[in-house]
Every structure is written in structure tokens, then in C-alpha cells.
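Visitor: Okay, here's what each chain looks like letter by letter:
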Amino acid sequence: MLTRRHLGLAAAAVLLAGGGATAQTGPVIGQPAPDFSAQDADGRTRSLKQYRGKTVVLEWTNHDCPYVKKHYSGNMQALQREATKDGVVWLSIVSSAPGQQGHITGEQAKQLTASRKGSPTAVLLDPSGAVGRLYGAKTTPHMFVINAQGRLVYAGGIDDVPSNKVEDLERAKPLVKLALADVKAGRAVAVPASKPYGCAVKYKP
Amino acid sequence: MGAPVRGRRPGVADYEIRLADSGIRRARGKQPLLNEPVHQGPALLNRSDRREFRLSGAAPVRRLPVGLRAVAAAVTGALALFGGAAAARAEIVRTPYVEAELAPDVAAAAPGGTVHVALRQKIKPGWHTYWRNPGDSGEPTRLAWTLPQGWSAGEIVWPTPERQPVGPLVNYGYSNQVLLPVPIRVPADARPGQTVRLAAVADWLVCEEICIPEQVKLTLDLPVAAGPAAPHPQHGAAVRQALAAAPKPGVLTGVAALAGGRLKLAVLGAPARGDGAARAYFFPYDGALIDHAKPQGIERGPAGLTLTMVPGYGAQTGAVTGPVQGVLSFGEGEAYLVEASVGSLPAQAAGLGAPGAGGRSGLGLPLALGFAFLGGLILNLMPCVFPVLSMKAAALAGHAHEPRTARVQGLAFLAGVLTTFLGLAAALLVARAAGETAGWGFQLQSPPVIAGLALLMLLIALNLSGVFHLGESVQGVGSGLSGRGGAAGAFFTGVLAVAVAAPCTAPFMAAAMGYAVVQPTAVALSVFAALGLGLAAPFVLVSFTPTLLRRLPRPGAWMETLQRLLAFPMYATAAWLAWIFARQTGVAGLAELFAAAWLVALAAWLFGRSQHSGRPLPFRIGASAAALLAVAWLGVAALGAPGGGKAESAALAAEAYTPERLAALRAEGRPVFVNFTADWCVTCKVNERVALSSAEVGRAFERTGVVYLKADWTNRDPVIAAALSEHGRAGVPLYLLYSPGADQPRILPQLLTTGAVIKALEEATPST
Numbered sequence: 043m044l045t046r047r048h049l050g051l052a053a054a055a056v057l058l059a060g061g062g063a064t065a066q067t068g069p070v071i072g073q074p075a076p077d078f079s080a081q082d083a084d085g086r087t088r089s090l091k092q093y094r095g096k097t098v099v100l101e102w103t104n105h106d107c108p109y110v111k112k113h114y115s116g117n118m119q120a121l122q123r124e125a126t127k128d129g130v131v132w133l134s135i136v137s138s139a140p141g142q143q144g145h146i147t148g149e150q151a152k153q154l155t156a157s158r159k160g161s162p163t164a165v166l167l168d169p170s171g172a173v174g175r176l177y178g179a180k181t182t183p184h185m186f187v188i189n190a191q192g193r194l195v196y197a198g199g200i201d202d203v204p205s206n207k208v209e210d211l212e213r214a215k216p217l218v219k220l221a222l223a224d225v226k227a228g229r230a231v232a233v234p235a236s237k238p239y240g241c242a243v244k245y246k247p
Numbered sequence: 008m009g010a011p012v013r014g015r016r017p018g019v020a021d022y023e024i025r026l027a028d029s030g031i032r033r034a035r036g037k038q039p040l041l042n043e044p045v046h047q048g049p050a051l052l053n054r055s056d057r058r059e060f061r062l063s064g065a066a067p068v069r070r071l072p073v074g075l076r077a078v079a080a081a082v083t084g085a086l087a088l089f090g091g092a093a094a095a096r097a098e099i100v101r102t103p104y105v106e107a108e109l110a111p112d113v114a115a116a117a118p119g120g121t122v123h124v125a126l127r128q129k130i131k132p133g134w135h136t137y138w139r140n141p142g143d144s145g146e147p148t149r150l151a152w153t154l155p156q157g158w159s160a161g162e163i164v165w166p167t168p169e170r171q172p173v174g175p176l177v178n179y180g181y182s183n184q185v186l187l188p189v190p191i192r193v194p195a196d197a198r199p200g201q202t203v204r205l206a207a208v209a210d211w212l213v214c215e216e217i218c219i220p221e222q223v224k225l226t227l228d229l230p231v232a233a234g235p236a237a238p239h240p241q242h243g244a245a246v247r248q249a250l251a252a253a254p255k256p257g258v259l260t261g262v263a264a265l266a267g268g269r270l271k272l273a274v275l276g277a278p279a280r281g282d283g284a285a286r287a288y289f290f291p292y293d294g295a296l297i298d299h300a301k302p303q304g305i306e307r308g309p310a311g312l313t314l315t316m317v318p319g320y321g322a323q324t325g326a327v328t329g330p331v332q333g334v335l336s337f338g339e340g341e342a343y344l345v346e347a348s349v350g351s352l353p354a355q356a357a358g359l360g361a362p363g364a365g366g367r368s369g370l371g372l373p374l375a376l377g378f379a380f381l382g383g384l385i386l387n388l389m390p391c392v393f394p395v396l397s398m399k400a401a402a403l404a405g406h407a408h409e410p411r412t413a414r415v416q417g418l419a420f421l422a423g424v425l426t427t428f429l430g431l432a433a434a435l436l437v438a439r440a441a442g443e444t445a446g447w448g449f450q451l452q453s454p455p456v457i458a459g460l461a462l463l464m465l466l467i468a469l470n471l472s473g474v475f476h477l478g479e480s481v482q483g484v485g486s487g488l489s490g491r492g493g494a495a496g497a498f499f500t501g502v503l504a505v506a507v508a509a510p511c512t513a514p515f516m517a518a519a520m521g522y523a524v525v526q527p528t529a530v531a532l533s534v535f536a537a538l539g540l541g542l543a544a545p546f547v548l549v550s551f552t553p554t555l556l557r558r559l560p561r562p563g564a565w566m567e568t569l570q571r572l573l574a575f576p577m578y579a580t581a582a583w584l585a586w587i588f589a590r591q592t593g594v595a596g597l598a599e600l601f602a603a604a605w606l607v608a609l610a611a612w613l614f615g616r617s618q619h620s621g622r623p624l625p626f627r628i629g630a631s632a633a634a635l636l637a638v639a640w641l642g643v644a645a646l647g648a649p650g651g652g653k654a655e656s657a658a659l660a661a662e663a664y665t666p667e668r669l670a671a672l673r674a675e676g677r678p679v680f681v682n683f684t685a686d687w688c689v690t691c692k693v694n695e696r697v698a699l700s701s702a703e704v705g706r707a708f709e710r711t712g713v714v715y716l717k718a719d720w721t722n723r724d725p726v727i728a729a730a731l732s733e734h735g736r737a738g739v740p741l742y743l744l745y746s747p748g749a750d751q752p753r754i755l756p757q758l759l760t761t762g763a764v765i766k767a768l769e770e771a772t773p774s775t
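Protein chains in written order, with my numbering: chain A, 43 to 247; chain B, 8 to 775.
In case anyone wonders, no lab produced these hints; they're calculated from the structure.
Do not rely on the hints blindly, as some may be mistaken.
Derived, one-sided and incomplete: chain B residues facing chain A with beta-carbon distance under 8 Å [stated by the list, open to error]: (1) Leu150; (2) Tyr320; (3) Ala670; (4) Ala674; (5) Glu675; (6) Glu733.
Far from chain B by the CB rule (all over 12 Å, computed), these chain A residues [unchecked claim]: (7) Gln81; (8) Arg88; (9) Asp106; (10) Pro108; (11) Val131; (12) Thr155; (13) Thr163; (14) Lys219; (15) Leu220; (16) Ala223; (17) Ser236; (18) Ala242.
C-beta: ideal position from N, C-alpha, C; glycine also.
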């Protein structure tokens, strides 16, 4: 039996043609959002699963990215404030690898939150990029909204005007804000996906 | 006046540079123009200091030598054409990462004409600016023009971008130097002799690992001159080169379709048939259309090519709405604009597999030839071939003392095998070229061929049973099918061996066949020839080796027993073919086939009687009549036989395969096993009996939650053929196992064992 199995494997090795390569594939709108866990700024492990029953926002961020700065001119903080007041869990995730732009320690994360007057539920540190790759996070910012049932209901840009200019905020359709309003009202999210824009996530090369 | 070198007011220029890197700040002001190269803002390179970057470091510079060069050109006579007109002059603006200016194609604008003014960006090495669709991140360069009354600017004529990987992402952009030409209409009432100022605010994002948004104000003073002006002495050639190299419209036509979780773009036109096809890459205008980081699959066709792309987020929420627009690049500067409607894909743009190295199987020619030969050798042992060949070999033993006769027979057999194989190959390649999705065993998808084969098997069986004899010298029972010493008989045996081999796929064959059908004709034929050589090799070897021949048992009465015995595998084969025919055409078709078989048997018996009778004529007439009737009956049966009547009886519950179902299951994150099979494929059926139908495997499927999809290729099916070709195959069986989250399936071996399947299932599913 063992030899037969080995024979089969040998044959598989001969006949296998380029199979098995894995690549990051993002989660699918309407499907369960993949679970993950990561350490927050205090070194505590947080997982997506623990927030089942609540709406969760994932925000990929890099404080040195011009697009992130545009939104931290007040827009992002306002969104975080409104969302968390509504009981939404807001997780800011930093997938910048050590030595890359935007990489921060837990202490720096706390300072940033304080200096920017942000109010995320937690800042999660993902220096290995595992969570970012799991979600196919491409840019900073790149936003995901997960409903109380753990399903992904929005993925994409924070709004629909891909620019780094603060003045463009006025004419942009605030897609994440609208998605959260739809979720709160129990409606299907009207625009469940958009093209994320911003700086590339600075993954470990 | 001449070139206004020193006459120009050396005053101040407006500039505006944004450096969002240091927060969104904006600086605006009047600064004395500098003649020196600007300070390069080293602070920006040092991340910790970046916020302290001084805006003064990025002051724009007017480059006076532009005028000086114009003077030099005038001296050499190049400016003679526009005589007294002023030369176009632009200012070069340098940011720490980009040197930019407006570069016109002509030295002066003609009233009523069009000038092309390009934004020239010289980008710091290692840094990039972006195409109109920047890819996964980034932002395209933008120009906002301020033009004199009556002048108007068109859209940027974007050069073909580069693919720029950033970790797991891919951006589309430019490096080193790029010219972005913009057509500018000159009003008919522009006054010759006048110089106008064209101004543009250029916004771009320039990135290396980090990204810096920059904004500069650029101006170009352009003289107006009557009549066509000479090319701009400095930029004319480069701008025209950029325009000439821009993707060409109107050459390619395209159709796009979303199928099986993939976005397919079929492109027809001469360039898509050329050598560049191997480098084909589609840059879509719409950033939501495809996943930029995923490779694009290329399949060639007789009239074009088809690209298979992973859709972008847009496909998650709905269908693709046309038209699909973008640039199809063939590398080396060759690129075309594509505007594809959404519709059904033209067959002529696919079917010939991947360009170059033979599909994804990636076999080289030597390996493919080796595999084909080995596959041919193994075919000898397959149940459909073995009885025919073993009888022939046994008959050959009778010629052990006549080496010459034996050799002639060996060669005749070889010729028969090769002729038939090459004929089949040629038919297959012709079918492929005509846009059919054909593969190994394709002839078995035709019910008339199955019926014909079933009757042939019946005839062989009847012959082996001694009902009638073949061969020129009928010397009583014992010689049978093999005939006696007939080269023609040996040739026929060769033909027969290939005909009966078709339902069997030997190990190694599929990879070689998959390689062959996507190759140029000569290569494909040589692979088929290697398969034929493999099939013929044992027989030829025996016929050329008297020592071997002498070791074979001498023909004698025992052969009759063996012959009668071997008739039974052939009856079984005929019955099995009849079953396939029934699956293809339904029970009514089967009745017709049985009637034809009954007539064939009657004809065979009458013919056999004629061989023994003193008065053969009546028997022969009867035999011919019965045979004719059988053929006629078969014709009627086959013509009236639509596909259908297929019932599923597999022990293991399988869902029918569709690309959509597969995509949906994969999207749900479920592991999926796809069995590409056909009723006429013996190997497939054996695998299903031996491995897939066992209780152990059934339990493994249940335990691992792997969904079993069955792609049944018994009848022609272009969707399944396309899926096979996607994996570099031209025939069944093919077993794919998709793990959750994996991009590519694992391909299981062609001979399955219970253990191997269970192991693979377990490996495909992370223990939960």
C-alpha cells in the first residue's frame, strides 16, 4: 500500500504541471470575511471572531502616505468618531514591514492616535503582512466593512475620488460612510465595492 | 525678431508645489528664477527629516539655454524656415524627483492646425509616475490647461505603460523619461507673428517605495507662424516619436466575456497572430476591470488570441458591461488600442493553446517526444489493443525461420500504425485550425464513429471466434485475422491497432498530446509519430530479432484456443462501445445499433460459409446484402441520433461541472475536485471504478467536504475543451483539485489509486 501510494505520488510529481501555486485572493463581498488575529498597540491579541455580532471596519493605514494624510486632515477622525459612537468596531491595520514607510511600534501607534485625535477601537500591527495579504489590501487607505454576521459588505476606497487633495473631499461620495449607514439601517449596501486608491501597502518585499 | 534670449524679462515665475509628503501643505509665491540647477531637497530622501523639507528647495528654474540653443540652430540654418518667428520656449521645472517641461512638436503653431505639446517628465531613477489607470495603487498624471481664447487641448495620448510590481501589487506607469503628448487645436484666427503662452498645471504622484504627490505650473511660449512650421529643434523628433509609438487604434477588434470566474478578452487581427502573442498583455483603462497583479493567460487561435484575466472587484458585484477598453501590448514597443464589445467569444481567437512552450504543461519537444513514445509503448498493454497485437505477434512466430518475411511484416505494421496516427493527427489539427475544440479521442465524440467501432470490434471478435477468416491464403482455422505472410495484412493490423487504441489513454500520453495539439504542424505531427513508433516498437522489435521470434511459442492448435479466448475481450469492447453509443444517443439508438450488429453478424457468418462452401456465390451475395443493410441501418440510426439520454449512475454523487459553478464554489472557499472524463475513455472509467467509486474515497470526500464536479466530455463540449486547454491538456482524463484560497489547482496523476486520492483530498483541505 505504501509503495503504491509512493508510486502515485511519483507519478503526480511527473505529471504535475505548475499546480499548487498560491496567490493572495481577497475576500468576496457577501461571503464570510476571513478570520484573523493580530496584536494591538498594547501587545494584546485581537481577532476578528471576537467581534462577531458587531459591525467591524478595517482600515489599512500608513501615517506617512499622502493619501492617508489627506483623510487624517479630519475626515478619517470624524468617520471613526461617528462609527465608534454607533457601536461599530474600528480596526486600523498597519501592514508596513519593518524598515518600510509607515512601520510603527505599539508605542508609536498610541502616540499617532493621540496626536491625530483618532478614535479607532484598536490599531493592529501586521508587520508580516499576513492580514493584509489575507484581505488583498492594496492601498492605504483600503477599507473593509464587515457586518454583524461576519460577512463582508463593503471593500474598496474610502470614497470615490482618487486623489490626495483635501479639497476633493467635498465632491467625493463617502462610500464607507454610506456603507455604514446602510448597514445601520439594515439595508443592503448600495455600493458594496469600489477601487481602492492610495499608496501601495508597504509589504515585506 | 530672432530668438528672444536676453530680451525676455528675467523676472519671476509663478510656481506652486505641493508636498503632501510633509502633510498637505501648499506653497505659492514669487521667487527669483534661478539659473543654477535646483537644490535637490535631500531632506526628502531621509525619512525622518522629510517633514522638514523646505519648499524653497523646489523652486522652478527657467532654463535659459533653450533660447541659446535656438540661436545656435538659427546660425546653422535650421530656423531659416520660420524666418522671423520667435522660437518656442518653455521653462523646466525641477522637483526633487521629476524634471518637467512642456515640449512642443513644432517650433511654431500654424493657424487652424494642431500642435502636440508633450509633458516631458524626466523621473529620478527608481521612481515612477503613472498611466491613466495606475494599477493597484498610484494616481495618473493630470494636466489642467490655461490656454488663450480659442485654443483647446485634447486628451493625453498615453504611451504604453510599463508593468511595475510592488510587492504583491502591480502598478502601471513610467520610469526614466516619458513624454505625454496632448493635441492642442490652434484657432484659425491666430495671428502669425504673435507668441502665445500655453500654461498647464501638472499633478502627478511619483513613487519609489514611498509616494510623493507633486504639482507644478508649466508654461510654454509658442510663436504663431503662417504655414507649416519646422519641427521643434530640441523636442520635435522626440514628440513625434512618442506619437508614432503610441498604441494604434483600429487595427485589432475584440470581444470580452465573463465566464467561469475569469474575464476573457478575444482579440482578432494580424498583430495578434504574430510572434508578439507570447508577450501579449492587456492594460485596461478601467482600474476595476481586472486584478492587475494576476498573470494573464494567453491562448492563440487561427485568427487572433484570447487573454484570460482574473476580474477585479467589479466582477464581484456584477457583470462586465462593455465596451472593455484598453491597450494590448505585444512588448518591444508594439501596442494597439482595443475596444471590445461584451458578447460571445469568437472561436478563431482560441484553440491553439498557449504560445511558445506548449501550454502550461511546459514540456519541451524532447520530453514530449519521450512521453509520446513511452505512452505508445504502454498502449500495447491496454485492453483494447492487446488482443489484436498478441494474435499478430503469435502469427509472426511462424516466420521465425524466414527473417525476411518477418521483417517485411514488421515494417508493414509500422507503416500501418504511422499512417493511421498521422492521418488522425492531421484530422485533429485541421479541426483545431477550423476553430473546433478537438482533442485526443475527439473522433469518439461522434456517435457514428462509436457505432462503427462497435461493429468493427464485433467483426474482430467474430473473426477470432472463427466465424470467418481473413487473408489471401485461407488454410483453415489457425491463421485467422493475422493472415499469412501478407504485408497488407500486417499494414491492416497496424491500422486496426490505432483504431482500437483510441479509447485508451496511456500514462504519459496526455501530457504529450496536450503539448502536440498546440504546436506548429510539423512539431505536432512528430509527437504523434513518436506515439506511433512507441505503439509499433514491440512488434517491430520482435519481427527484426529472430532470436526473440524463436522464443515465441510456435503457432499451432493452441493458437486456435487462444484466439477463441481473445474473442471475448473484443465482444466486451463491442458491448462497452454499444453502451457509450446508448449514452450518446439514447435507448432507441441502441436498438438500431443492435439491429445493425445483428446484420453484421449474419453477414460475417454468410461470408464465412462462402469460404468453406463449394458454391460460394449465393453466400457471398447474401453476405454483401446483409453488410450493406447493416451499413444503411447504421447510417439511419446515426443520423437520427441526437445527443441526450445521459443518465448519471456514479456511486459518488457528482455535480455537473460548469465554469460558473466552479467559480462560485471557489468563491465560497470550498475545496473542489473536478473530474474531466468521458464514457469512451477507458482510463477515466477505470479510475472511476477503482479509485473514485470506492467507499473509502467516498468517506474521504464527506470528511473533507470537497465538492465533486464532473466534466463529462463524452459528447462534444467547447466549454470543457477550453477548460482542458487551459491546463495544457487536449484530452481526458484530467483531475483537478482546488484547495480553498489557492489560485491554481493541483493536477492529480492520470492513474488514480484510492490512497493517492484520499491523500490529495486531505492535503487540499486544511485540517479543521
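Visitor: All hints, please: hold or fail.
Guide: Right, here's what the structure says about each hint:
no.	hint	verdict
1	Leu150	14 Å, violated
2	Tyr320	4 Å, holds
3	Ala670	10 Å, violated
4	Ala674	5 Å, holds
5	Glu675	6 Å, holds
6	Glu733	11 Å, violated
7	Gln81	21 Å, holds
8	Arg88	22 Å, holds
9	Asp106	7 Å, violated
10	Pro108	3 Å, violated
11	Val131	23 Å, holds
12	Thr155	17 Å, holds
13	Thr163	25 Å, holds
14	Lys219	19 Å, holds
15	Leu220	15 Å, holds
16	Ala223	18 Å, holds
17	Ser236	7 Å, violated
18	Ala242	4 Å, violated
Going down the numbered hints, you'll see the structure goes against 1, 3, 6, 9, 10, 17 and 18, while the others check out.
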